[in-house]
Amino acid sequence: AQTVTQSQPEMSVQEAETVTLSCTYDTSENNYYLFWYKQPPSRQMILVIRQEAYKQQNATENRFSVNFQKAAKSFSLKISDSQLGDTAMYFCAFMRLSYNTDKLIFGTGTRLQVFP
Amino acid sequence: ETGVTQTPRHLVMGMTNKKSLKCEQHLGHNAMYWYKQSAKKPLELMFVYSLEERVENNSVPSRFSPECPNSSHLFLHLHTLQPEDSALYLCASSQEYGGRVKTQYFGPGTRLLVL
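Residue numbers (our numbering), protein chains in the order written: chain H, 1 to 116; chain V, 117 to 231.
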């Protein structure tokens, strides 16, 4: 069974600084997807970034980028130039590639606080 | 975000009550999901509907009963719940197209408190 581990329950960063959230996962699959979701205090879960395992290039979305290390089964999220609006719970998630309906496996989340 | 809506946003119910949670997606998706989010635990997948058919029931107690009348609407009927069922219930939707990444989009959730 796949598992996702986020070892940092809480993180804090000062506005405009850079922060990295860690995520490791365990799977025997070779083809899969990885996601970072953000859940602000308003509770709407929002997709931040996703990575296809077959792609060697790390995904980037504006200030958000990932460091995907497939052999190490590591998928960290880097937030550059942190903003107050980045304050939220961040969830790492794994999805196996299949032709059927997919199951997202989530980590326990990291609470990020951005300070002025 | 208005792609996936959920009502009510907050619900307090006694253990003998019967209530329903509603989810509606406006994204043209054909798969919908119910998740349970409890404090300090990963999100737990409860039910999956694809093309209005239930394709996964993740060992959820029978006091939770899902219904998917069409591809845009999903309900979760609740009866004789227990206090440990208090949690945030999240709905999500995605577009199925076989073998391609299917990003799930989430609603704002219903905060449920069982007394």
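Please keep in mind that the hints were generated in silico from the structure rather than gathered at the bench.
Errors might be hidden in some of the hints.
Distance condition first, Cα-Cα at most 25 Å in a straight line; then the derived DSS-like pairs of lysine-lysine [what the hints assert, rightly or not]:
hint, chain 1, residue 1, chain 2, residue 2
1, H, Lys103, H, Lys70
2, V, Lys157, H, Lys103
3, V, Lys157, V, Lys138
4, V, Lys152, V, Lys135
5, V, Lys157, H, Lys78
6, H, Lys103, H, Lys55
7, H, Lys78, H, Lys55
8, V, Lys134, H, Lys73
9, V, Lys135, H, Lys73
10, H, Lys73, H, Lys103
11, V, Lys152, V, Lys138
12, V, Lys152, V, Lys134
13, V, Lys138, H, Lys78
14, H, Lys70, H, Lys55
15, V, Lys134, H, Lys103
16, H, Lys73, H, Lys55
17, H, Lys103, V, Lys156
18, V, Lys138, H, Lys73
Note that the structure is predicted; figures quoted are calculated from it, not measured.
Mind listing which of the numbered hints don't hold for this structure, in increasing order? As far as the earlier hints go, 8, 9, 13, 15 and 18 are violated by this structure, in ascending order.
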